[in-house]
Amino acid sequence: MADFLSMNDSNDWKHASHWQFVCANIYAAAHYPRSRTRHFSMDAMAYHANTLWLFTRSDFMTTMVPISLFAMVAAPLTSLSNIPHLTFWLWLHLLGFNTSNQTASLEDATNKPDRPIPAGRISLRNATILRWTLMPLCWLFSLAYSRQTMYASMSLSLFTWMYNELHGNSASLSRYALNGLGFAAFEAGTTFVARDDKTRLDSAGWLAILLSGCIFATTIYAQDFRDVVGDKEINRDTIPLRFGAPSRVVLLAGVVAWSIGLSVIWGLDSITASLLTLLGVFSGGRFVYFTTVEEDRTSYFWYNVSSSVWVTAAHVLPGYWRFRYT
Numbered sequence: 036m037a038d039f040l041s042m043n044d045s046n047d048w049k050h051a052s053h054w055q056f057v058c059a060n061i062y063a064a065a066h067y068p069r070s071r072t073r074h075f076s077m078d079a080m081a082y083h084a085n086t087l088w089l090f091t092r093s094d095f096m097t098t099m100v101p102i103s104l105f106a107m108v109a110a111p112l113t114s115l116s117n118i119p120h121l122t123f124w125l126w127l128h129l130l131g132f133n134t135s136n137q138t139a140s141l142e143d144a145t146n147k148p149d150r151p152i153p154a155g156r157i158s159l160r161n162a163t164i165l166r167w168t169l170m171p172l173c174w175l176f177s178l179a180y181s182r183q184t185m186y187a188s189m190s191l192s193l194f195t196w197m198y199n200e201l202h203g204n205s206a207s208l209s210r211y212a213l214n215g216l217g218f219a220a221f222e223a224g225t226t227f228v229a230r231d232d233k234t235r236l237d238s239a240g241w242l243a244i245l246l247s248g249c250i251f252a253t254t255i256y257a258q259d260f261r262d263v264v265g266d267k268e269i270n271r272d273t274i275p276l277r278f279g280a281p282s283r284v285v286l287l288a289g290v291v292a293w294s295i296g297l298s299v300i301w302g303l304d305s306i307t308a309s310l311l312t313l314l315g316v317f318s319g320g321r322f323v324y325f326t327t328v329e330e331d332r333t334s335y336f337w338y339n340v341s342s343s344v345w346v347t348a349a350h351v352l353p354g355y356w357r358f359r360y361t
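So the mapping is simple: the working numbering equals the position in the sequence shown, first residue as 1, plus 35.
Since the hints were made in silico from the structure, they are not lab data.
Accuracy of the hints is not assured; some may be wrong.
Stated by the list, open to error - Simulated restraints, written as ranges between beta carbons of each label pair: (1) L172 - L242: 28 to 34 Å; (2) L245 - W174: 22 to 28 Å; (3) L201 - G296: 30 to 36 Å.
Quick reminder that beta carbons are idealized off the backbone N, C-alpha and C, glycines included.
Between the sequences and the hints, there should be enough to build the whole structure, so can you do that?
Below you can see the structure in the form of structure tokens.
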């Protein structure tokens, strides 16, 4: 092989046979670019993996954490080996929803310019291809666990299509109803995967999913306060735009009411019930006392922390009930 290299790097190739010339170039083509190709492939893989992550990064605290914990307590989780499965199932379906949402929405350049499409990391055409490729992929991946898990995945796909492509998010009533149904589908699928028996849930698990869907349907508009500028640009009908400041007070009342209601339903002791209610007052109270668009944007981090902690606390209450009463 050294002879082939020396011929390829000098003028000796002029005097070599045709066979030697061909072999020398085949060898050079096979070996010289390999490290560069491998390096390029690794860089490309890392770039695209980061792009996929960026589609879902903003929903880590608001979706991944509360729903993962919810599934563990609603299932209930009996094997730690199920945690990677439920986490990846949830993330893959969140990616499917977010690619649908971000290819159908025109607001991201204003509200969320760091997302992959407005940031120029992926074209709208390629993101749309990814969106429709993920849907059957999610179904097949879910079927590997059980038909029931696949039904949850297909239900989520239906609600996603209605919400984004059919513009169910353009009217406030359908927007929040589909949010509740979508989160319930997320939770049902994740809870199935969290179980050893992935074909059934008990009555407490189904009750937890029902309550969670209702919580999201009635409080999810908390996320709309920071997006009022972009929502106004595309004429999206949201509760903050329609009702303004009074909707903040209603949100506070709703969060507190849910805190009290969940305390009764899951049989919390007085101390735990008081802590949950105080957390609800703090979470909802922020929206009452920080009322301008600029303040909503500035307090985005605190919004995520306060709201998500309350949502997460509400989601782990089935675990409290199982521990205390079963």
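Supplied distance hint 28 to 34 Å, evaluated on CB atoms of L172 and L242: holds, 31 Å
Pairwise beta carbon distance, L201 to G296, judged against the given window 30 to 36 Å: holds, 32 Å
Range agreement (Cβ of W174 with Cβ of L245, hint 22 to 28 Å): holds, 24 Å
Going down the numbered hints, you'll see the structure goes against none, and every one checks out.
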